[in-house]
Structures are given as C-alpha cells and as structure tokens.
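Chain U is already provided as a structure; the job is to place chain B on it using the hints.
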Amino acid sequence: MPFFLRRIATLSSSIFAIVTFNFFLFHIIPGDPIRLIARTQRLNTEAIAKLRTSFGLDGSLLSQYFRYLSKLLHGDLGYSFFYKENVSGIVGRALGNTFLLLTASTLIVVTCGIAIGVFAGSRQGKKSDTATVVSSLILWSMPTFWVGMLLVFTFGVWVGGLPISGISTANALYSNWFQYAMDIGQHLILPTVTLAIVDIAFFIIITRTALIEVMSEDYMLTARGKGLSRRTIVWRHGFRNAMLPVLTASALYISALVGGAIQVEVVFSWPGMGLLMYNAVLARDYSVLEASFLLTTVAVLVANFAADMLYRVLDPRVAVSK
Amino acid sequence: MSRKDATLTTHGFKYFLRKLWRDPMGRWGLLILLITSFVAVICPIFFPFDPSKVGVDASSILTGPSQTHWLGSDELGRDVLRQFFSGARISLFVGIMATIISTIVGSGIGVFAGYYMGRLDGFLMRITDFFLVVPALPLMIALGAIFGQNITVIIMVIGFLSWPRTARIVRSQTLSLRQRQFVPRAKSLGSTNLRIIRTHITPHVMPLIVANTILVVAGCILSEATLSFIGLGDPDRISWGTMLHFSFVSGAIGRGAWWYFLPPGFGILFIVLGFTLVGHSFEKITNPRHRGES
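From first to last, the protein sequence lines are chains U and B. Counting along the first sequence from 1, when you hit position 107 you're at 107 in this note's numbering, and nothing is skipped either side. Every position in the second sequence, counted from 1, becomes a number in this note's numbering once 322 is added.
Hint data in this document are derived by calculation from the structure and do not stem from the laboratory. Quantities reported herein were computed from a predicted structural model and do not represent experimental measurements. Some hints here could point you the wrong way.
Here chain U is said to cover these stretches of chain B; the calculated rule only asks that three of the stretch's residues, wherever they fall, bring their Cβ under 8 Å from a Cβ of chain U [said to hold, decoys possible]:
1. 449-458
2. 496-505
3. 544-554
4. 593-607
Within a straight-line C-alpha distance of at most 25 Å, the following computed DMTMM-like cross-link-like pairs (lysine to aspartate or glutamate) qualify [stated by the list, open to error]:
5. K84(U) to D58(U)
6. K126(U) to D218(U)
7. K375(B) to E397(B)
8. K341(B) to E605(B)
9. K127(U) to D58(U)
10. K509(B) to D443(B)
11. K341(B) to D218(U)
12. K375(B) to D558(B)
13. K336(B) to E605(B)
14. K127(U) to E605(B)
15. K84(U) to E46(U)
16. K341(B) to E213(U)
17. K126(U) to E217(U)
18. K71(U) to D58(U)
19. K50(U) to D76(U)
20. K126(U) to E605(B)
21. K126(U) to D345(B)
22. K127(U) to D345(B)
C-beta: ideal position from N, C-alpha, C; glycine also.
Just chain U, same shape as in the assembly (with noise of 0.2 Å):
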C-alpha cells in the first residue's frame, strides 16, 4: 500500500522537524541556556560546567543534537528541578488526564455539534437556522479561559454544587472505585463543559455548511423527486455526504481543542499538560516546558494522522484518486 506509506513518511517527517525545530528553540536561542536553568548569574565556572554535562549541554552542537535524538528515543525527556522528578514521570500522568478531558469534551461536540448543525443546515435562512448561526458566532468569540472563569464564579461562588478545581476531591478516602469514579467524574463536568461550549460553535457551523452544500446537489433533487421524506432525505442522503467535509475540518478542530484544553487546564487546575505548561511558564521550567509542548505536538500530528486515514477509508473517490 505506497500510500500509506508515503502517508507514514510525511508524518515522521514532520515528527522529526518538530523535534529539530525543539531542539534549536530550546538549547540554541535563548542565548546560554545554562543562565536560564540556574537563573541566577552568580555561579562559578565549576558549577556551570556540571551543570553543562548534566543537561547534555557540552561539546559540539552536532553532538549535543545527536545525543538529545539518543536520549529522546530512550524516552529520557530530561531532569525538573521544579518538580525534583524525571520529566517522563510528570508528563505521562499530566497526558492521561488531558486525554480523559479531551475525550469527554470531544464526544459532546461531535454528537451534539453536528445534530444541531444538521437542524440549522436543513432549515436554511428560517429564523431557528439563523438564531442558531447567531448564537454560534457568539460562543466562537469568547476567550475559552474566560466561558471557564465564568463557570467558576457561578458555580463555585454565586450558585455553589460543583467542584471547580483539581480532579479528585483533597485527601478523600473512598470505599470502592466507584466513588473514586463518581468524583472525578464530578471534577470533570465544569472543564468539560466549557470546552465543549466554545468548541460546539465550530462543529455547527462547519457541518451546517457542508450540509447546505450538499443539499443543493442534484442527487438530493432525484431524492425529493422519489418522495422520500424530509427526515430521510436530510439524514441518509445529506447527512451521510456532509460528514466528509465535516471531517477535513478535523485538522483545525484538533488543533483548536489542544489550545482550549490548555485554558481550560488552567483555569479549572485540572491536572493534565495545560496546566502542566503553564505551571513551567510561571516557574521558568524549561524541561518540562519542552518536553510538554513537544508531547502535545507530536501528539496532534499523530491524531491528524489517523484522522486523515479515517478520511480515505469513507470515502473511496479520495483513495482512487490517490
């Protein structure tokens, strides 16, 4: 199959630019990336040196890069002074809680996103398709951190009955897992919400656009002609055919949903690589900095990725045409 082939080589091309380009945007621009790592000026040359070897900072740059692919392959993502931890160990639980939010949040979307979206495409220019576009815009233009921040005062302050930050509740003891799911489960309904509320305008309207499309095609003339019934019509002929378009957008939702969870991680302190990345910035911790924002990335190729392939599986015109 050359063209999952050709397919695999670009995105371990682009896998491997990243990590260059991580590599230069880390250990080369900021000038002496020592300076930044001790963050104080007052070291002397013995102690610069040590800490050069230990972060792999010494010796010609074509050897420091080669020996950070080395260590990045053995899965060695560098020491947090932060955190007094491998990097690896931070990282990998911060990515199971971010991909728990994501999953939540993204189920929301996809289903009610584009059953709305089908409802507003298939009444065109009606006063319910236009307050839906409208109200969509709306939710669009609002910052993610702020939609979460309204949350927060309204149910942590005004009205109260939800937990508004963390995961799980502090020092609780739980008799089964059970109730160890019931609270998260509890921890994750604000976070999910409000990625869902931003992130649901984009998947309205793209799928309300692509339906319209569609609809205006000659096969659902052919459709209507045969008498088929509304419902049948915009489900099983428009719906079917608007998904495609709907699923090449998935590149910018993807990405869209990566920075919201990082808003989202913030303001709600859910434990996963937002809160993980902006914890760094506060606190001027490089490694995991890098190390979480070359996770996330590689993460987002590889999602495209599979989002791309589940692109030729449905529809055939595309794997034809290569």
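This is chain B only, laid out in the frame that chain U set:
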C-alpha cells in the same frame, strides 16, 4: 466563477461598505466595530490610565463600583474602567499588527505558490500544511516564554503563526485565476510574471484577502488574550487578556469581584464578534457561491 467578479478596483471601497450595511450581519458587525474603535481610540485620551497610580491602603483594593471608581478597583486599587479603556487600545493594536504580518506572509506565499505552481508550490505548501497542523497555542506559549514578555514578541509570535489558512485560500484562488485566458495573453504581449501578478492576479484575489484578513483579526485578538491570560502578556502594556490574567491570579473570582473580570471578557467577546460578523458578511458578498443565502 464569472468574469464579473467583484473586485476592489472595479467597484471601490464604497460599494462594499454599502453592501455590508445592507446585510444585517454586516451592519451589526460594523456598528460593533465602530463602538469598540471609539472606546479604543477616543476614551483613553479623556480617561488616561496610569499603572503606577496604586491605591493608598488595603481598603481601596478590589472595591465595587462607586462614585470615584465607576467600575470598581483592581487588586492594586487602580481604576478598572480606565484600565478597560486602555486595554481596548492594546488588544486592538496587537490584533491588527499581528494580522498585518500574517496577511503579508500568507498572501505572499499563496500568490507565489499558486502562480508559479510546480516545485515551488509543492515546497511552500509542505511548509504551510506543517504549520496548519501544528497546534498554535503550545508553540506560541513556548516562543513567548523563551523570548520574554514584550508586546513586540507577542505581535511577532501571533503574526508569524497565523498565516497558513490565508496562504491556502489565496493559493487556490490564484491557481484558478492562473488557468484563465488573460495570463497567456498578457505574457504574449510581453508582460513579466511579476507584472502579471501585480496587475492581473492581485486585484482579483484582493476581496478574498480582505474578507480573510477581517476574520484573521478576530483570531489574533483571541490569541493575544489567551497568551496574556497564560501570563505572557507585556506587564507594562495591560491588554484585556492581561487584565483577566491579573484578575484570575489575584483571586477576584473567589471574592466575587465581577466588575474586574466581566468587562474585559465582554470587551473581547464584543470585538471578536464584530470582526467575525463583518468578515462573514464580506465573504458572502465576494463569494458568489454564498450569494442568495440569508
């Protein structure tokens, strides 16, 4: 597409303004933009904000709306309303400057890739697709953290990471223009490639670039707000995003200080919505495919 595409040269600026005004979406957008630019340009002149003018004692911190402070005070006892006015200016300024960079880079790459086609096109589109897929926010955070909290850095970071969509859109339009009769004709009359791009291609892609640019401003303002909220904003030039950062960090939410975190958020929502509405309306006018849609 017909020969009678709306171009800026054949119709002029006034024509588009009139068309925008006739569309409800465009009219609301224009009104919103008018109000926000008034706030951003005029208000700071009459109500200047001095970041160093902090409150005298603890009792002036995070106070609610009053006669002296119409929108209350912040965690340092400074006037929120004045901060809001000057924040509008910074947010709008950063958004527009970043958009200018993004538009120049994006449409430049798009026009050259679409016109010259072949290997140059393949190379430029590889780069474009790469930046299209790489998530922008983590990259912006990494760059912002390394280069420091400075308004120029923020503008550059946002501008140089927001161009791929523009490049894609402009390229496909240029490609379809390239296939038309007037390119070989102009060539046979002795026009150079650059001259054809300048006199034949650019005027035709211009409406598309303008519509896209208006939408890019909205995205850039949101990016600025997010970066500033993360804590990468210029501490000397407080934008709406920076205000939200400080309100969040200082615990204004827990204290119920709504006057501190509501106005900047609504400001961002309002201004982004304005640009989005005008952009969509403009797209409808210039793109014949969407014409006739409500």
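> Does D345(B) lie within 25 Å of K127(U) when you go C-alpha to C-alpha?
Replying inline: Holds, at roughly 16 Å.
> Taking only the CA atoms, is the gap from K336(B) to E605(B) under or equal to 25 Å?
Replying inline: 16 Å, holds
>> Just to make sure I understand the rule, a stretch counts as covered if three or more of its residues have a C-beta closer than 8 Å to a C-beta of the chain. Does the segment 544-554 of chain B meet that for chain U?
In response: Holds: 7 residues of the segment 544-554 of chain B have a Cβ under 8 Å from chain U.
> Holds or violated: are the alpha carbons of K509(B) and D443(B) at most 25 Å from each other?
Replying inline: 20 Å, holds
> Three or more residues of the segment 593-607 of chain B near chain U by CB distance under 8 Å?
Replying inline: holds (count 5)
>> Run the distance test for K84(U) versus E46(U): straight-line Cα separation, threshold 25 Å.
In response: 22 Å, holds
> Within a Cα-Cα threshold of 25 Å, do K341(B) and E213(U) meet the stated pairing?
Replying inline: With a Cα-Cα distance of about 24 Å, the restraint between K341(B) and E213(U) holds, given a limit of 25 Å.
> Residue count check for the segment 449-458 of chain B against chain U: does it reach three with CB-CB under 8 Å?
Replying inline: holds (count 6)
> Holds or violated: K127(U) with D58(U), Cα cutoff 25 Å?
Replying inline: 67 Å, violated
> Are K126(U) and E605(B) close enough, with their CA atoms no more than 25 Å apart?
Replying inline: Measuring from Cα to Cα gives roughly 20 Å; hence the hint holds.
> Would the pair K341(B) and D218(U) pass a check requiring their Cα atoms to be no farther apart than 25 Å?
Replying inline: At roughly 31 Å apart (the allowed maximum being 25 Å), D218(U) and K341(B) break the hint.
>> What's the verdict on K84(U) and D58(U), does the C-alpha distance respect the 25 Å limit or exceed it?
In response: It holds: about 22 Å lies between the C-alpha atoms, which stays within 25 Å.
Checked against the numbered hints given earlier, the structure breaks hints 2, 9, 11 and satisfies all the rest.
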